[in-house]
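S.K.: First to last, the sequence lines map onto chains A and B.
If you read the first sequence in our numbering, its first letter stands for residue 251, the second for the next number, and so on.
If you read the second sequence in our numbering, its first letter stands for residue 11, the second for the next number, and so on.
Take these hints with a grain of salt, some might be off.
Said to hold, decoys possible - Where chain A lies over chain B, by a calculated footprint (3+ residues, C-beta under 8 Å):
#: 1; region: 179 to 190
#: 2; region: 417 to 423
Stated by the list, open to error - Far from chain A, by Cβ distances over 12 Å, these chain B residues were calculated:
#: 3; residue: Thr-57
#: 4; residue: Arg-126
#: 5; residue: Arg-308
#: 6; residue: Ser-354
#: 7; residue: Gly-383
No lab work stands behind these hints, which were simulated from the structure alone.
For clarity, every value in this text was computed on a predicted model and none was experimentally measured.
For each residue, glycine too, the CB sits at the ideal point set by N, CA and C.
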Amino acid sequence: MNYSAGTYDIAVVGAGHAGIEAALAAARMGSRVLCLCTCLDAVGNMPCNPSIGGTAKGQLVREIDALGGEMGRAADRTAIQFRMLNRGKGPAVFSPRAQNDRAAYRSVMKSALENCPNLLLRQGEAAEVLLDDAGAVCAVRLTSGAVFSAKAVVLCTGTFLGGRIFMGDVVRDMGPDGLMAANELTGSLRALGLSIRRFKTGTPPRIAAGSVDLSALEPQDGDENPQGFSFYSGVRPRNSVRCYMTYTNERTHEIIRGALDRSPLFTGVIDGVGPRYCPSIEDKVVRFADKERHQLFLEPCGEHSGELYLQGLSTSLPEDVQVAMVRTIRGLEHAEIMRPGYAIEYDCIDPLCLDARLAVKAVPGLFAAGQLCGSSGYEEAAAQGLIAGINAHLFVRGELPFTLTRMDGYIGTLIDDLVTKGTNEPYRMMTSRSEYRLICRQDNADLRLMEKGLALGLVSPERAEKAQQKARLTELELKRLQKTIAPPSQAVNDFLASHKTSPLALRGASLLELLRRPELSYDALAAIDPGRPDIPSDVAEQVEIAVKYEGYIRRQERDIADMQRMESRTLPEGIDYLSMTLLRTEARQKLDRIRPRTLGQAGRISGVSPADVAALMVILSQMEEKHEL
Amino acid sequence: MDTIAACSGGALPAAIGIVRLSGPDAGPIIEKIFSSKDENPITKKKTYHLYYGKLLSQSGKTLDLCLAAFYRAPHSYTGEDMAEIFCHGSPAVVEGALRHAYALGARPAGPGEFTRRAFLNGKLGLVEAEAVADMLDAQTEQEALNAAAQLDGAIGTPLRALRGELTGLCAHFYAVCDYPDEDIDPFEYSRASETLLRAGQQLRALCAGFERGSLLKSGFPVAVVGLPNAGKSSLFNALAGSDRAIVTSEAGTTRDVLEQPVALAGGRVLLLDTAGIRTPEGEAERIGVERALQAAQRARAALWVFDGSQPLSGDPEALPEALRGKPCAAVVSKNDLPPAFDPSELEDRFDAVFSLSSKTGEGLDALCSWLSGLIPPAGEVLVTSPRQAALLRRALDSVDAALASAQAGMTADAFLLDVEQAVRFLGEVTGEDVSQDVVKDIFSRFCVGK
Numbered sequence: 251m252n253y254s255a256g257t258y259d260i261a262v263v264g265a266g267h268a269g270i271e272a273a274l275a276a277a278r279m280g281s282r283v284l285c286l287c288t289c290l291d292a293v294g295n296m297p298c299n300p301s302i303g304g305t306a307k308g309q310l311v312r313e314i315d316a317l318g319g320e321m322g323r324a325a326d327r328t329a330i331q332f333r334m335l336n337r338g339k340g341p342a343v344f345s346p347r348a349q350n351d352r353a354a355y356r357s358v359m360k361s362a363l364e365n366c367p368n369l370l371l372r373q374g375e376a377a378e379v380l381l382d383d384a385g386a387v388c389a390v391r392l393t394s395g396a397v398f399s400a401k402a403v404v405l406c407t408g409t410f411l412g413g414r415i416f417m418g419d420v421v422r423d424m425g426p427d428g429l430m431a432a433n434e435l436t437g438s439l440r441a442l443g444l445s446i447r448r449f450k451t452g453t454p455p456r457i458a459a460g461s462v463d464l465s466a467l468e469p470q471d472g473d474e475n476p477q478g479f480s481f482y483s484g485v486r487p488r489n490s491v492r493c494y495m496t497y498t499n500e501r502t503h504e505i506i507r508g509a510l511d512r513s514p515l516f517t518g519v520i521d522g523v524g525p526r527y528c529p530s531i532e533d534k535v536v537r538f539a540d541k542e543r544h545q546l547f548l549e550p551c552g553e554h555s556g557e558l559y560l561q562g563l564s565t566s567l568p569e570d571v572q573v574a575m576v577r578t579i580r581g582l583e584h585a586e587i588m589r590p591g592y593a594i595e596y597d598c599i600d601p602l603c604l605d606a607r608l609a610v611k612a613v614p615g616l617f618a619a620g621q622l623c624g625s626s627g628y629e630e631a632a633a634q635g636l637i638a639g640i641n642a643h644l645f646v647r648g649e650l651p652f653t654l655t656r657m658d659g660y661i662g663t664l665i666d667d668l669v670t671k672g673t674n675e676p677y678r679m680m681t682s683r684s685e686y687r688l689i690c691r692q693d694n695a696d697l698r699l700m701e702k703g704l705a706l707g708l709v710s711p712e713r714a715e716k717a718q719q720k721a722r723l724t725e726l727e728l729k730r731l732q733k734t735i736a737p738p739s740q741a742v743n744d745f746l747a748s749h750k751t752s753p754l755a756l757r758g759a760s761l762l763e764l765l766r767r768p769e770l771s772y773d774a775l776a777a778i779d780p781g782r783p784d785i786p787s788d789v790a791e792q793v794e795i796a797v798k799y800e801g802y803i804r805r806q807e808r809d810i811a812d813m814q815r816m817e818s819r820t821l822p823e824g825i826d827y828l829s830m831t832l833l834r835t836e837a838r839q840k841l842d843r844i845r846p847r848t849l850g851q852a853g854r855i856s857g858v859s860p861a862d863v864a865a866l867m868v869i870l871s872q873m874e875e876k877h878e879l
Numbered sequence: 011m012d013t014i015a016a017c018s019g020g021a022l023p024a025a026i027g028i029v030r031l032s033g034p035d036a037g038p039i040i041e042k043i044f045s046s047k048d049e050n051p052i053t054k055k056k057t058y059h060l061y062y063g064k065l066l067s068q069s070g071k072t073l074d075l076c077l078a079a080f081y082r083a084p085h086s087y088t089g090e091d092m093a094e095i096f097c098h099g100s101p102a103v104v105e106g107a108l109r110h111a112y113a114l115g116a117r118p119a120g121p122g123e124f125t126r127r128a129f130l131n132g133k134l135g136l137v138e139a140e141a142v143a144d145m146l147d148a149q150t151e152q153e154a155l156n157a158a159a160q161l162d163g164a165i166g167t168p169l170r171a172l173r174g175e176l177t178g179l180c181a182h183f184y185a186v187c188d189y190p191d192e193d194i195d196p197f198e199y200s201r202a203s204e205t206l207l208r209a210g211q212q213l214r215a216l217c218a219g220f221e222r223g224s225l226l227k228s229g230f231p232v233a234v235v236g237l238p239n240a241g242k243s244s245l246f247n248a249l250a251g252s253d254r255a256i257v258t259s260e261a262g263t264t265r266d267v268l269e270q271p272v273a274l275a276g277g278r279v280l281l282l283d284t285a286g287i288r289t290p291e292g293e294a295e296r297i298g299v300e301r302a303l304q305a306a307q308r309a310r311a312a313l314w315v316f317d318g319s320q321p322l323s324g325d326p327e328a329l330p331e332a333l334r335g336k337p338c339a340a341v342v343s344k345n346d347l348p349p350a351f352d353p354s355e356l357e358d359r360f361d362a363v364f365s366l367s368s369k370t371g372e373g374l375d376a377l378c379s380w381l382s383g384l385i386p387p388a389g390e391v392l393v394t395s396p397r398q399a400a401l402l403r404r405a406l407d408s409v410d411a412a413l414a415s416a417q418a419g420m421t422a423d424a425f426l427l428d429v430e431q432a433v434r435f436l437g438e439v440t441g442e443d444v445s446q447d448v449v450k451d452i453f454s455r456f457c458v459g460k
């Protein structure tokens, strides 16, 4: 029986990576928040990799941290190995990545929610979003009959919504990790006019550590002196475990090929669209048939866990096939599977129905984040959760929205891609998606975003001050390098010769000029820089990047200025695209559906060609002339 | 989209007039304007076939007996439903047909509108659309051949391939970075440099081709020089076939450089008529002389004009510095008057000597065929649009910058930004990627909405 269970400002549905950030952000900003989760033991669960960060995802985590989110801190605290990926490929693609203790991460996150004022963590399955007479969100009903009043609802349903798992011909309606699926809410979302789609993802088997011959495998250790994700938190990640590398081989592939008729991915049982960039092993074997082997990693699921996650072997093949194929792999000849891999299919919405706040345009008060919006990955989910939570709070307070643009960084790019271009497969963040990546780096997320986090009340003044201090010190050191002249002395020229770079002739050179030379690093220059002040390593890093990449950084700044011009041409809200006969039909329909805020956003919509943008500009200027705008 | 109609033939009257319709109502309109012989509507007949029938006026009277064709979307020039009527080229017939079409809801097409629609509907790339404009402007066979080859993708296709190669370079790097766990072939800087080097060469060749291509379009520049009153302007007018230069018998009348393209058999020549080179007597004349010298700088060849009715005076050695080493012919003018010297006296100092009369036209043909022979043959397909050339130049600069950075040890995350920029410029050439500037350009050229 339905009963009135309480009144909140905001109800967050789900306590995965998106739900956690949404609930914490809204509560910390002052809203009264209810956070629902179908199983309180699964708060902050990592049903796939026991890992946070990675290429482009590491950037997201640092941005989340700079805005006052929780993920970076929790990941640092529960890290059991930490590495900076893509070292040597340039600062734009450096990406921090941690192996995490799953159990510790869950408990750290659960306690963060439990200890947050204004927030109640509550077990329960949402069944229906209720609207008031004006068509705005007013409550959420649980399957138990509890009805919680709320002015805003943030949906973060992950893979639980309509979840169905596949292991060969074994199919079960359930969520990840043996948890229950949430089956009632989809009907309510359909009734609200949202179109529902099916996406799928998958996970590899977990192997019993004791059954693996680790001595046959190449170990992979964490970085010395890792810095972590979180800025100025005082927590340094630890390295307490090793990962191991191995490979599939021709025998593995034979077994896979022989079992394709039992893979639901190939027999057509799965309708959901899977991610191209995170393919299952059967996908890889079929699509890259000429590849003799595929790289695999064994990643510990925790410091004291006996489970090894077999990265790279995601599969939906039947259990007996999984056992057979795993045992063809070097080091895994006697491996025992503890948890078999599986594919999971789930309900999600078309993100084109959202705006940059991650609000459902047609339903005031309804927000969405994470896999429900078509993304994949913990970090993508957390980033959206943070933005949706902040905006749910601002919506409830009647305040102006908080949105990030592509120029602000990866979070802005992620959301702009989702709500402007949409996605036909689970969307993963990649460095190649950010056109301003030389400016939007992981090392300067604090400089880019902490000010905003401070203004929102999510970042403490003490942390924001540290970011300002970093910026000040960087400026000072750059000025000092410019003013400090290395003389054309024997000592200086010997130093230059030892670094295989040309000597100074008659005139001296500033240290700034010398640092521009590819052969010289900031550290190396210390030898001819007796007056160098003692500056923190993160400042030295900023200085070095600013000097080495100055030309490119300037260019990106110009690109950003260009972009801002297009972004500053806002499009009137009620504009009638369907009657614009100058536009092609597809463009008219897309513009009508997505209703971009700016001309810049209009140009990024797939199906809107440059010629359409041209025509749109003409129409706008004609309307302006006729004073219709 | 509304339906547009226009006379697509040349000026009337002519042997044939062409009325063209494009848009969703092209079918219903052609059915009413044109009644085929067997009285079945042309839209129900085969697409892309000519049918014979009656052209009807608004009042239903037969205007003409003619041929017509209907092209069903998307297989038409514009990508929309289209119809063409080939009637007798009388203004009354063509205008009658158009009036009827307008009465049925068509509107007059704006300049370039059929081509613009073809571009908007993805039937033509930008390079190809520009080639259409070139084709319409073509005055020589060489220009027409070049435009036709461009329309056929002779520039667009290799550019798209080059763009693909550069995009592939970027994609490889990002694949390596974005999938650190997959063992993808490592991104090798040496191979990246090779690709950039090759791309640079290709772009350099295209840019050089533009210089030749612009000669093709603007004409091979030839300076017409000589002492005052030698008959330069008369020669200029005779070659150009119009009275562009002011011709008087008073020395020093031509004070400006006049340019006149002249279509010859071998291609186009751009004649640069210069003020007489002499000691200037006034400010205006001084400027004229300076301009003449500048024109000589641009010229690839010169015609030195001598007055055949006057004894040889002045020093033909005083050829402007800028013209030395370039082909130079002596033109002995006014051979309709009694000769004052033997033209063959000039033979050892010039590449060729022509005796002619600008007044009667005698001897002009020989001069024209000498000029035709100077024009370099096209051979390859040349870039002719300044817009394309400017973008190719910028793409080349970006590729060169990337190569320099790569060789200076810059990381790929940075120098690939240059490559991505080159990809954008190439995309703008072909119309696959268009920035705001191009958008503005599209505006002005196609007069959208005016």
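S.K.: Against each hint, give a clear statement of whether it holds in the structure.
M.R.: These are the hints, each one checked on the structure:
1. 179 to 190: holds (count 9)
2. 417 to 423: holds (count 6)
3. Thr-57: holds (22 Å)
4. Arg-126: violated (8 Å)
5. Arg-308: B:Arg-308 clear of chain A: closest Cβ-Cβ about 35 Å, beyond 12 Å.
6. Ser-354: Answer for B:Ser-354: holds, closest chain A Cβ roughly 63 Å.
7. Gly-383: Nearest chain A Cβ is 44 Å from B:Gly-383, so the label holds.
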